[in-house]
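Chains as they are written, first to last, in numbering that gives the first Met the number 0: chain U, 0 to 149; chain W, 0 to 149; chain E, 0 to 149.
You can trust all of the hints, since none of them are fake.
For identical chains, the list gives no copy identity; a pair is met inside one copy or between any two copies.
Straight-line Cα separation of at most 30 Å, DSS-like style, residue types lysine-lysine; simulated pairs:
| id | residue 1 | residue 2 |
| --- | --- | --- |
| 1 | K51 | K104 |
| 2 | K116 | K51 |
| 3 | K119 | K35 |
| 4 | K35 | K51 |
| 5 | K37 | K116 |
Bear in mind the hints are in silico, worked out from the structure with no lab data behind them. Note that the coordinates shown come from a computational prediction; the quantities given were computed from them, not determined experimentally.
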Amino acid sequence: MEGMLPKEYGYVALVLVFYCFLNFWMAAQVGMARKKYKVFYPTLYASESDNKDAKLFNCVQRGHQNSLEMMPMFFMLMIVGGLRHPCACASLGVLYTVSRFFYFKGYSTGDPQKRLKIGKYGFLAILGLMICTISFGVGLLRGGEPRALF
Amino acid sequence: MEGMLPKEYGYVALVLVFYCFLNFWMAAQVGMARKKYKVFYPTLYASESDNKDAKLFNCVQRGHQNSLEMMPMFFMLMIVGGLRHPCACASLGVLYTVSRFFYFKGYSTGDPQKRLKIGKYGFLAILGLMICTISFGVGLLRGGEPRALF
Amino acid sequence: MEGMLPKEYGYVALVLVFYCFLNFWMAAQVGMARKKYKVFYPTLYASESDNKDAKLFNCVQRGHQNSLEMMPMFFMLMIVGGLRHPCACASLGVLYTVSRFFYFKGYSTGDPQKRLKIGKYGFLAILGLMICTISFGVGLLRGGEPRALF
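Next up, chain U with everything else stripped away, as it sits in the complex:
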């Protein structure tokens, strides 16, 4: 099987694991924010009426939660699109991971607008991954055409 996969699919796998580390790092940041702003389990979002730091905490929490919401799409597009375009997908995956880091950093300043300053490039990466996956699907249906060059 492995002999059948493009060798460069290995980069796709490594970038996927790299994203897992970012995800755990974000979870740890939320854990620290829980302690700092005194928001205890099982509460997910703090309420403005109970906690003066609610907005600050919720910005940290949403930075992580929004990343979790995008994660399945990111993983799926990497796994499938990477079968045809491993190098392009691995590169887009690095772009996505880096811009998610800045999305989270921006969001956790407490000003939701700042999440998109660099974080918006993550959406560009997703768009690129979607194109790779469409190209994989169309190429497979057409059959026999030469592999794309990137």
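Let chain U serve as the given structure and place chains W and E on it in line with the hints.
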């Protein structure tokens, strides 16, 4: 590698991307509902005590969030089950995507009951995808048996 | 294609479907808790000021939601890592599924601390799956090396 995958796996990939578009459309609907009902970031769910339209907004939000919760399972079953039953999985994927659209439309009327009127067929699609994935797993373990005919 | 996958990848597929059943069981538990503690759709988390059982309900809900948050990572690592280490990944997948059951059971006692008593082994399983996926990626990039023995 691509020569090893059933040609029809291309349909699976295209349906997966198709679902991504639905997902972005739902996210955009939530974004518009945020403006209409004045629910600002980072708030995820509006509170009845702050906002008279809380229930309406929360129905739109839950329509999207519930779809996000099902998404990883849908993606995984398509990716794995489709290796053996690409046409069945692609068809079930279309059924799932269409019924998720109606789930969301039903939920965003503000009456949670309406989400299931057409939306319930999505669960049927997931059940079908689970059967395809079990069939893939069992077929692989048995080895050498002829490919199923659908 | 199926002839190219390690036969034991069938176990990976079956464990993935097994997890889907656990997920539906958790969703059903939350549905029952909704009735018992009178938390109606579209409310996701009960508010302490409206409902004296809010904490109990929220513990059940978080037990499920946290499992949903981990699910994409679990699925992706199983799908990719399992290509090289199907038996190790399938075993880790069983460990993960069983410890998620106890995570949920522990959380739904209403004491968040209890979620980790057995549930913590799920994180060990994820760590193992990450190592398998890294090994898959590195092995593919190096090429031609003999398959690992587990």
